[in-house]
Amino acid sequence: MATLSVPATPTATAGLRNDLIAAAVIAALGAIGWFVFPDDLAFLIRVIGLAFLVISLDLVTGFCGVATLGHAALFGVAAYAAGNACLAGVTDPILMLLIGAVAGAATGLMSGVLVTRFRGLPQLVLSIAFGQLVAALANKLSSITGGSDGLAGISPGPVFGIFNFDMFGRTGYVFSVVVLLITMVLLLRFARSPFALMCRAIKDDTLRTRMIGVSVYPRLVVMYCVAGVVAGIGGALTAINTGVVGLDSVSFERSAEALIMLILGGAGNLWGALIGAILFELFHHYVSAASPFHWMILIGVLLIVVVLFFPKGLVNEVTRRIGDFRQARAAR
Amino acid sequence: MRTILGILPDALAYGMVLFTISIGLSIMMGLMRVVNLAHGAFAMIGGYLASFALVSLGVSYPIAILIAVIGAVIISVPFEFLLYRRIYRRSDELTQILLTIGITFFIVGIANYIFGPTSKPIPLPEALRGPFDLGFRMIPAHRLFVIGCGVVTAVALWLMIEKTEFGVRLRAAVDNGDMAEALGIRTQIVYSATFALAVGLAAFGGVVGAELLPVEPFYALRYMVTFLVVVSVGGAGSVTGAMAASLLLGLADTTGKYLAPEFGEFFFYVAVIVIVYIFPHGLFGKAH
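Chain order of the listed sequences is A and B. When the count follows my numbering, it moves up by one through the first sequence with no breaks and lands on 332 for the last residue. When the count follows my numbering, it moves up by one through the second sequence with no breaks and lands on 620 for the last residue.
Mixed in with the good hints, there may be bad ones.
Said to hold, decoys possible - A few chain B residues facing chain A, derived, Cβ under 8 angstroms:
#, residue
1, ILE435
2, TRP490
3, MET492
4, VAL608
5, ILE610
Unchecked claim - Below, simulated SDA-like cross-link-like pairs (lysine to any residue); rule was C-alpha separation at most 25 angstroms, straight line:
#, chain 1, residue 1, chain 2, residue 2
6, A, LYS140, B, PRO449
7, A, LYS140, B, PRO593
8, A, LYS140, A, ASP248
9, B, LYS589, A, PHE195
No lab work stands behind these hints: they were computed from the structure. Ideal placement from N, C-alpha and C gives every residue a C-beta, glycine not left out.
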């Protein structure tokens, strides 16, 4: 499990090995999902779409320490962009993903310029305001977004012109897992890059990084753009798979949920974001069947418990325990 | 002109409701530095209790307000004791946000489990139902009552903060908690009292403002960020700031909804972005 933490001195071979392990882990997770939920692939596709949003949030919250409650804007705008592109005749799924990524990056740029200017409460409120602004626009510009009815009738063409999307979501699922795998491997590389490490330094001590000559603001904005690309891919993927984009994809609830998933899994760790999204959605899947209010009581308690007792998130807590255990064994 | 006169009473009443509910949060954030997203949940508890008292117990309106305020404060004690104490002044915003969102979910779930998932009526007494003749035009008596409540709250708070012993301790703790502690002010007691005050004001605002912000199952979530935004725009810990922000945002929101209803909260949030970007610590706030 050594791959779960950032190595102190990444080397080329260790990097390659880590990439392979990461790819294998995601492929294995994908296969498990395929065999455990063969009749519910739509649910898994939803989870993967959200995982992109949570991973994207991790890039700004976990790496840069930006507290945001408006991150769904990046996801939703990209979903609308991809959906509109498809309705306008660009039905190739890969192209739709690209359009989503570009739209996400543009939204990330705007959001980043606004949000990362300040720290603390003003930052939080600006992020909320940006998210709500996008939500209000999505509701108003019904010629582009379909308003409260949502954007429907998105029917993407086959992947590479060969694999058609079927009603059981088999193609969609494999396609999503592959996109997740590629994105995750690239992001794990990115997370070891000097740029990302510098962002971590900014999170740990903004003043000190500024004193050693780092220009903080541009870096945070760039990171926001990268996060926008990731969220945008997730949004486009969701539009491709479900064929509809609704107002919920830009809602405040979506942003808050993503933050909860991230903290549940563990911020500052891309695996934490992924696992958090999966755990939260599974929890939701099984508990919310009872009643929405029982679900809220339970998620409230879960959130309080995690914040108080596992403030670093479940994944980081588990890796820490394993690390302690190994050290204890090595000392013996 | 007619439109302006139509908008103004509504904007003023809405602003006063925002003020009455948010001022508690503002004092709390100025003092304890807690981003308390559960503040709306305590207003909701007040609304539910008042509705229960009015509809099921059949008590009069003033008694119902009293029950709501005292009941909400009592209910909030275990939350303060077990959870909020851990996050005063310490911990980053992220922890506070998540903990208080968790508390909000918990309260919403429990409230709906006990009282059922329907919106709660808070019937007004006879005196507040009809219109009130101002001489040159009629406005609903309830709006006038709400505006009056806001003014009274503001004046009472101002007197309390400026003129009483508790106010002195409160101001000292807001300005410099460690120094206040060193001078023998028991800050923990000030914190607890402030928390109770904040919850009481939230519950009061929740009941009085029920005509404008109806009490319904997702009340706490629907207005979760609204109150936070008001505090942020005004500047945490400032009564004047909270008043200015409430009136300003009340005006922006009401005007927007009158003139361009299809835009929803668009103008409200445009105003927020502009103000927060220019005044990051709020209109009347101080950097901490």
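Tested hints:
Among the interface hints, the one on ILE435 of chain B holds; its C-beta lies about 7 angstroms from the nearest C-beta in chain A, closer than the 8 angstroms criterion. Because the closest C-beta pair between TRP490 of chain B and chain A is about 23 angstroms apart, greater than 8 angstroms, the hint is violated. Annotation: interface hint on MET492 of chain B violated; nearest CB of chain A at approximately 24 angstroms, more than 8 angstroms. Among the interface hints, the one on VAL608 of chain B holds; its C-beta lies about 5 angstroms from the nearest C-beta in chain A, closer than the 8 angstroms criterion.
The interface hint given for ILE610 of chain B is broken, as the beta carbon of that residue sits about 10 angstroms from the closest beta carbon of chain A, more than 8 angstroms. A distance of roughly 29 angstroms separates the Cα atoms of LYS140 of chain A and PRO449 of chain B; the hinted pair therefore is violated under the 25 angstroms criterion. Distance restraint check for LYS140 of chain A and PRO593 of chain B: the Cα-Cα separation of roughly 10 angstroms lies within the 25 angstroms cut-off, and the hinted pair is therefore satisfied. Proposed proximity of LYS140 of chain A and ASP248 of chain A is supported: the alpha carbons are some 14 angstroms apart, at most 25 angstroms.
Distance check on the hinted pair: LYS589 of chain B and PHE195 of chain A sit about 45 angstroms apart at the alpha-carbon level, beyond 25 angstroms; violated.
In summary, the structure is inconsistent with hints 2, 3, 5, 6 and 9 from the numbered list given earlier, while agreeing with the others.
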